[in-house]
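Q: Using the sequences and the hints, build the whole thing.
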Amino acid sequence: MAQEPVKITVEIFGEKHVVRGEGTASYIQGLAHEVDKKMRLIAQRLPRLSVHQTAVLTALNFADELAKLKEEQETLMQLLGEKTE
3 MAQEPVKITV EIFGEKHVVR GEGTASYIQG LAHEVDKKMR LIAQRLPRLS
53 VHQTAVLTAL NFADELAKLK EEQETLMQLL GEKTE
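The opening residue of the sequence shown carries number 3 in the working numbering; numbering runs sequentially from there.
Hints listed in this document are in silico derivations from the structure and should not be mistaken for laboratory results.
A portion of the hints provided could be inaccurate.
To be verified - SDA-like cross-link-like pairs, simulated, lysine to any residue; straight-line CA separation at most 25 Å: (1) LYS18 x THR56; (2) LYS72 x VAL53; (3) LYS40 x SER52.
As the list claims (entries may be wrong) - Here are the in silico distance ranges between beta carbons for each label pair: (4) GLN75 x GLN46: 24 to 34 Å; (5) LEU82 x ALA27: 12 to 22 Å; (6) GLY32 x HIS54: 18 to 28 Å; (7) GLY23 x GLU73: 37 to 47 Å; (8) HIS35 x ALA69: 15 to 25 Å; (9) LEU78 x HIS19: 30 to 40 Å; (10) GLY16 x GLY83: 38 to 48 Å; (11) HIS54 x LEU81: 40 to 50 Å; (12) LEU82 x HIS54: 40 to 50 Å; (13) ALA65 x ARG22: 30 to 40 Å; (14) SER52 x THR77: 35 to 45 Å; (15) HIS19 x LEU68: 12 to 22 Å.
Note that the Cβ used here is the ideal one computed from N, Cα and C, for glycine as well.
A: Below is the structure:
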């Protein structure tokens, strides 16, 4: 049986957002916390950015991290494939 979507209010960068998604409320809250933390770090480093610019730069940072992790995973999978052949 599929898990029902969770609806939770989170706060990111001082704004409340209602989020509906799969997973537990604590999982979604944890994701929101990571986004908030990254936005605050970027805003601290680049205080002249608008909220929108900070959000876009945050999204690009997360996309970069994801791309690097995917590349690392692919490399590891290739190494494992070579060892099993």
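Q: Would you mind marking each hint as holding or not holding in the structure?
A: Going through the hints against the structure:
1. LYS18 x THR56: Cα-Cα ~16 Å, so holds.
2. LYS72 x VAL53: violated (28 Å)
3. LYS40 x SER52: Holds: LYS40 and SER52 sit about 15 Å apart, inside 25 Å.
4. GLN75 x GLN46: 24 to 34 Å: Holds: the Cβ-Cβ distance is about 31 Å, inside 24 to 34 Å.
5. LEU82 x ALA27: 12 to 22 Å: Violated, at about 36 Å.
6. GLY32 x HIS54: 18 to 28 Å: Given a distance of about 24 Å, which is inside 18 to 28 Å, the answer is holds.
7. GLY23 x GLU73: 37 to 47 Å: violated (26 Å)
8. HIS35 x ALA69: 15 to 25 Å: holds (22 Å)
9. LEU78 x HIS19: 30 to 40 Å: holds (35 Å)
10. GLY16 x GLY83: 38 to 48 Å: Hint holds: Cβ distance 47 Å, inside 38 to 48 Å.
11. HIS54 x LEU81: 40 to 50 Å: holds (41 Å)
12. LEU82 x HIS54: 40 to 50 Å: Given range 40 to 50 Å: holds, Cβ gap about 42 Å.
13. ALA65 x ARG22: 30 to 40 Å: violated (22 Å)
14. SER52 x THR77: 35 to 45 Å: Roughly 37 Å apart at Cβ, these two residues keep to the hinted range, so it holds.
15. HIS19 x LEU68: 12 to 22 Å: holds (21 Å)
Hint check: violations occur at hints 2, 5, 7 and 13; the rest are consistent with the structure.
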